[in-house]
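Sequential numbering from 1 applies to the sequence shown in the UniProt record's numbering.
Some hints could be false.
To be verified - No farther apart than 25 Å at their CA atoms in a straight line, the calculated lysine to any residue pairs in the SDA-like style are these:
id, residue 1, residue 2
1, K55, E108
2, K41, T78
3, K18, Y53
4, K18, E69
5, K18, S63
6, K18, A65
7, K86, E108
8, K18, D107
9, K93, T46
10, K55, A65
11, K86, Y53
12, K28, E108
13, K86, Q47
14, K18, K93
15, K93, D107
16, K93, C20
17, K55, E104
18, K93, C76
19, K18, A87
20, K86, S57
21, K93, S63
22, K41, G97
23, K28, T78
24, K28, A87
25, K86, S26
26, K28, G97
27, K55, A87
28, K86, Q21
29, K93, V58
30, K93, Q47
31, K86, D107
32, K41, E70
33, K28, V58
34, K28, S57
To be verified - Label pairs and their in silico Cβ distance ranges:
id, residue 1, residue 2, range
35, Q21, E96, 29 to 35 Å
36, S39, G13, 17 to 23 Å
37, G13, L60, 30 to 36 Å
Hints in this document: simulated from the structure, not taken from any laboratory. Remember, it's a predicted structure, so these values are computed and weren't measured experimentally. Using N, Cα and C, we set each Cβ at its ideal position, and we do this for glycine too.
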Amino acid sequence: MNYSLGPTSRPRGTLVCKTCQTRIASRKSVLSWSFRGYSGKAALFTQVSHVIYNKPSVLLMDSGAHTVEEFSCETCSTLLGWRIVKAHEWPEKWKEGYSVLELELLDEPDSSVSPSPSPSTPIQQQIIVGSRDSGSDYAEREEGDEEAVDHKVVAFNAYLQVASALSMGHRRATSDMEARRPKPVGPRAITPTPPTPPRRSVVVRA
């Protein structure tokens, strides 16, 4: 995928801002469709373009606290999602550097399908994490796709194997397709609690 194209270029599988049709991301850079945002369904992308980032803030999601940078469309300033700068819980570290896009705010030109896939289509689950039965170490790609494999995608699949052994059902990330809640709560802004200053011992001399 050539991300040096202009904001109005529309290669196959391009997702654009619904307000101004500026190109934002590609289906080929999706890691997971099973996220939720402020407006509903969301997806995790390895790369987004033509956006403007805001200052970092802390969001509390179902999977824990994350330091994020919200971003807007550079053309119309519509808030489209956020980039995960830091995950404050170790099992969520694999998300760092990736971006969550609000699918309700995106459109796919020249296509009869919605930006978010139908859960009933088997291939759309394999696009995210690869087929567990086939043992694929990379997300399944369309025929003829020559895009280079992102090393973080390989790390993501390795994380899934570790996470399945560590998470015993007490807490699952919202990106775990087998443990998704029917209507998970969207992210909420929180104010970090300031650290408690250390106590100093006082020596009383007679």
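Tested hints:
At roughly 29 Å between alpha-carbon atoms, K55 and E108 are farther apart than 25 Å, so this suggested pair is violated. A threshold of 25 Å between alpha carbons decides the hint, and for K41 with T78 the separation of about 17 Å falls inside it, so the pair holds. Between K18 and Y53 the CA atoms are separated by roughly 19 Å; this keeps the pair inside 25 Å, and the hint holds. Only pairs whose Cα atoms come within 25 Å are accepted, and K18 paired with E69 is accepted, the gap being roughly 21 Å.
At roughly 28 Å between alpha-carbon atoms, K18 and S63 are farther apart than 25 Å, so this suggested pair is violated. The suggested pairing of K18 with A65 is violated, with an alpha-carbon distance near 29 Å, which exceeds 25 Å. Only pairs whose Cα atoms come within 25 Å are accepted, and K86 paired with E108 is rejected, the gap being roughly 30 Å. About 5 Å separates the Cα atoms of K18 and D107, which keeps this hinted pair within 25 Å; it holds.
For the suggested pair K93 and T46, the alpha carbons sit about 14 Å apart, so the restraint of at most 25 Å is met. For the hint linking K55 to A65, the alpha-carbon distance of about 16 Å falls within 25 Å, and the restraint holds. With a C-alpha separation of about 15 Å, the suggested pair K86 and Y53 falls inside the 25 Å cut-off, and the hint holds. Restraint check for K28 and E108: the C-alpha separation of about 13 Å stays at or below 25 Å, so the hint holds.
Of the supplied pair hints, the one linking K86 and Q47 holds, its CA atoms being roughly 16 Å apart against a limit of 25 Å. Straight-line distance between C-alpha atoms of K18 and K93 comes to about 31 Å, which puts the hinted pair past the 25 Å bound. Distance hint between K93 and D107 is unfulfilled; the C-alpha atoms sit about 29 Å from each other, more than 25 Å. Our distance criterion of 25 Å between C-alpha atoms is broken by K93 and C20, whose separation comes to about 33 Å.
Note on K55 and E104: the hinted pairing holds, with a Cα-Cα distance of about 23 Å set against a maximum of 25 Å. Between K93 and C76, the direct Cα distance comes to roughly 32 Å. Violation of the 25 Å bound is thereby established for this hinted pair. At roughly 29 Å between alpha-carbon atoms, K18 and A87 are farther apart than 25 Å, so this suggested pair is violated. The suggested pairing of K86 with S57 holds, with an alpha-carbon distance near 10 Å, which does not exceed 25 Å.
A hinted pair counts as satisfied when its Cα atoms are at most 25 Å apart, and K93 with S63 qualifies at roughly 11 Å. The straight-line distance between the Cα atoms of K41 and G97 is roughly 20 Å, inside the 25 Å bound, and the hint therefore holds. Only pairs whose Cα atoms come within 25 Å are accepted, and K28 paired with T78 is accepted, the gap being roughly 23 Å. Taken as a hint, the K28 and A87 pair is honoured in the structure, with Cα atoms around 24 Å apart against an allowance of 25 Å.
At roughly 23 Å between alpha-carbon atoms, K86 and S26 fall within 25 Å of each other, so this suggested pair holds. Simply put, K28 and G97 have alpha-carbon atoms about 17 Å apart, close enough for the 25 Å limit, and the pair holds. As the CA atoms of K55 and A87 are separated by approximately 16 Å, the hinted pair is consistent with the 25 Å bound. Of the pairs offered as hints, the one joining K86 and Q21 is violated, with about 30 Å between alpha carbons and a cut-off of 25 Å exceeded.
Between the alpha carbons of K93 and V58 the distance comes to roughly 15 Å, so the proposed pair stays at or under 25 Å and holds. Annotation: proposed proximity of K93 to Q47 holds, straight-line Cα distance about 17 Å (limit 25 Å). Distance restraint check for K86 and D107: the Cα-Cα separation of roughly 28 Å exceeds the 25 Å cut-off, and the hinted pair is therefore not satisfied. Distance check on the hinted pair: K41 and E70 sit about 17 Å apart at the alpha-carbon level, within 25 Å; holds.
Between K28 and V58, the direct Cα distance comes to roughly 28 Å. Violation of the 25 Å bound is thereby established for this hinted pair. Pair hint K28 plus S57 does not hold up; C-alpha atoms about 28 Å apart against a cutoff of 25 Å. Distance hint for Q21 and E96: a CB-CB separation of about 30 Å, consistent with the stated range 29 to 35 Å. For the hinted restraint 17 to 23 Å between S39 and G13, the CB-CB distance of approximately 22 Å keeps it satisfied.
Range check, G13 to L60: about 32 Å between beta-carbon atoms, so the 30 to 36 Å window is met.
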